[in-house]
Amino acid sequence: GRGAVGYRSLLGQPGEGVPVEGQSGAPRGSTDSPPAPNAPPSARDAAQAAAPASPQAPAPPAPRVRSDEDPDRIPGSPRGTEAKTEAERRAEAFGFGFLFRPSGVVYVISSDSMLHVLGLPSGKDMQRPAPFLPANAKWSSPIAVNTTMYAGTAGGCGGAPQGIWAIDLDSDTKPDVSWKTDGGPMVGAVAFSSDGTLIAAVGAGQTTGDGKANAIVALDPKTLRVKDWFSAPTADFVTGPTILRHNDREIVAAATRDGRVWLLDAKSLGGADHASPLHVSKTVLGTGAAVSAAALATWRRLPPAAAASAPAAQPAQAKTADAATWILLPVVGPIASGAPSTNGAISTGAVVALKLADSGGALALEPGWVSHNLTAPATPVIVNGVVFTLATGVPAIASGRGTPAVLHAYDGATGARLWTSGNAMSTFASPGSLWAGYGQVYVGAHDGMLHAFGFNDERRYRNER
Numbered sequence: 006g007r008g009a010v011g012y013r014s015l016l017g018q019p020g021e022g023v024p025v026e027g028q029s030g031a032p033r034g035s036t037d038s039p040p041a042p043n044a045p046p047s048a049r050d051a052a053q054a055a056a057p058a059s060p061q062a063p064a065p066p067a068p069r070v071r072s073d074e075d076p077d078r079i080p081g082s083p084r085g086t087e088a089k090t091e092a093e094r095r096a097e098a099f100g101f102g103f104l105f106r107p108s109g110v111v112y113v114i115s116s117d118s119m120l121h122v123l124g125l126p127s128g129k130d131m132q133r134p135a136p137f138l139p140a141n142a143k144w145s146s147p148i149a150v151n152t153t154m155y156a157g158t159a160g161g162c163g164g165a166p167q168g169i170w171a172i173d174l175d176s177d178t179k180p181d182v183s184w185k186t187d188g189g190p191m192v193g194a195v196a197f198s199s200d201g202t203l204i205a206a207v208g209a210g211q212t213t214g215d216g217k218a219n220a221i222v223a224l225d226p227k228t229l230r231v232k233d234w235f236s237a238p239t240a241d242f243v244t245g246p247t248i249l250r251h252n253d254r255e256i257v258a259a260a261t262r263d264g265r266v267w268l269l270d271a272k273s274l275g276g277a278d279h280a281s282p283l284h285v286s287k288t289v290l291g292t293g294a295a296v297s298a299a300a301l302a303t304w305r306r307l308p309p310a311a312a313a314s315a316p317a318a319q320p321a322q323a324k325t326a327d328a329a330t331w332i333l334l335p336v337v338g339p340i341a342s343g344a345p346s347t348n349g350a351i352s353t354g355a356v357v358a359l360k361l362a363d364s365g366g367a368l369a370l371e372p373g374w375v376s377h378n379l380t381a382p383a384t385p386v387i388v389n390g391v392v393f394t395l396a397t398g399v400p401a402i403a404s405g406r407g408t409p410a411v412l413h414a415y416d417g418a419t420g421a422r423l424w425t426s427g428n429a430m431s432t433f434a435s436p437g438s439l440w441a442g443y444g445q446v447y448v449g450a451h452d453g454m455l456h457a458f459g460f461n462d463e464r465r466y467r468n469e470r
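Under the working numbering, think of the first position of the sequence shown as 6, with each following residue one higher.
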């Protein structure tokens, strides 16, 4: 295909044969017919003299790298060097050009661990597929930041080492780098601090050399070289890191298998000895309970009185000094006897809210509130101080029937339940199927139904506007 658009498939339409781009012979668009073999010599000489010289094969273009000429362009999409089609011009004139222009892309990792950059409207490869992860690796939670995509591997599937992999989305050569833990498996998704540092959790395992286990590591986002780390023998992390901002500090939070939440300083994860956390909470687990494999959630609330009384010229840090910061931990099974039972007895699971306390810079997590009894709770979604918790109802074993999913809405500061979806859903939820957007909360169910729940107040507000 045309070099300006990058890689294109040569798959043709049924019954139409090989596309023109894949055919050999005369260049496309040529209308000149070669002279007959029995034509007189003069005719053949004249035809050869009139024919243009055979074009030389163009030199392969230099590998393209990211350019700042169009900072709004999505990495991996065409660079806009071609003239727009009539359809694109008309689409832009009507204000919906993003549906037609090839600026939207989908990043897909196939089962052979190849990265595909697909056009959003067409689903076709916009670039040549590139190797990203080891074949047959068990990978999870890919995330793209700026022009780089990251993914973690765990479990040793396919003989793949356990670690983090990064690939440049905006280069034709797709260079990639990796960091191996040489110890425990990667846990959950990676996170990023405000300066771009990659933060990752590593589970328990046997280390070799300078390997890491029971650790939180900070990596350079481009080279994946270790910048800092925290490690402790009793810190068997089972959730990925969550980064929250408290006043002028960035705090890394992660939960361990025993139901404790560890707080670390993002600028110095473990202090000088790489083993000193800011705080470790008491366990919230009862007998036989476990921390949900989903990640933590966090949110901040500025009391209205503090916001109203703060002078306009007062620094932002002072205005948020009294802000309440909450960490939400999904638990499967009963909760510990010391945890507050604000919404009845807990037997199958719940979401536990822990409040961050600050005493002269010394941080601590205090018991806050506990949701109602939930079956296989997911990581909550917080919208304007309302905590949406989903009892997914997912069966404990694959052959189980499960229970219908139920969505609950809680006041994030008090734990008072504001609303429940009741029996609106008839089957359990699909994994990772809770999200919010456009004034709605969405849940995808196992039976293929997508449920959208919205606030009446939000709808009324939009209508009045």
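Do not take every clue at face value.
Claimed, not checked - Derived pair list, reagent style DSS-like, types lysine-lysine, alpha-carbon separation capped at 27 Å:
id, residue 1, residue 2
1, 143, 129
2, 185, 232
3, 185, 227
4, 227, 287
5, 179, 272
6, 129, 185
Simulated from the structure, these hints should not be mistaken for lab results.
- Message: For a C-alpha distance cap of 27 Å, please report whether residue 185 and residue 227 respect it.
- Response: Satisfied, since the Cα-Cα distance of roughly 15 Å is no more than 27 Å.
- Query: residue 143 and residue 129: Cα distance at most 27 Å?
  - Reply: holds, 25 Å
- Mind checking the alpha carbons of residue 185 and residue 232 for me, to see if they're no more than 27 Å apart? holds, 14 Å
- Query: Hey, residue 227 versus residue 287, does the alpha-carbon distance stay inside 27 Å?
  - Reply: violated, 36 Å
- Item | Pair hint residue 129 and residue 185, alpha-carbon separation not exceeding 27 Å | Given that 27 Å is the threshold and the Cα spacing comes to 33 Å, the pair is violated.
- Item | 27 Å Cα cutoff - pair residue 179, residue 272 | violated, 31 Å
Comparing the model with each earlier hint shows violations of hints 4, 5, 6; every other hint is respected.
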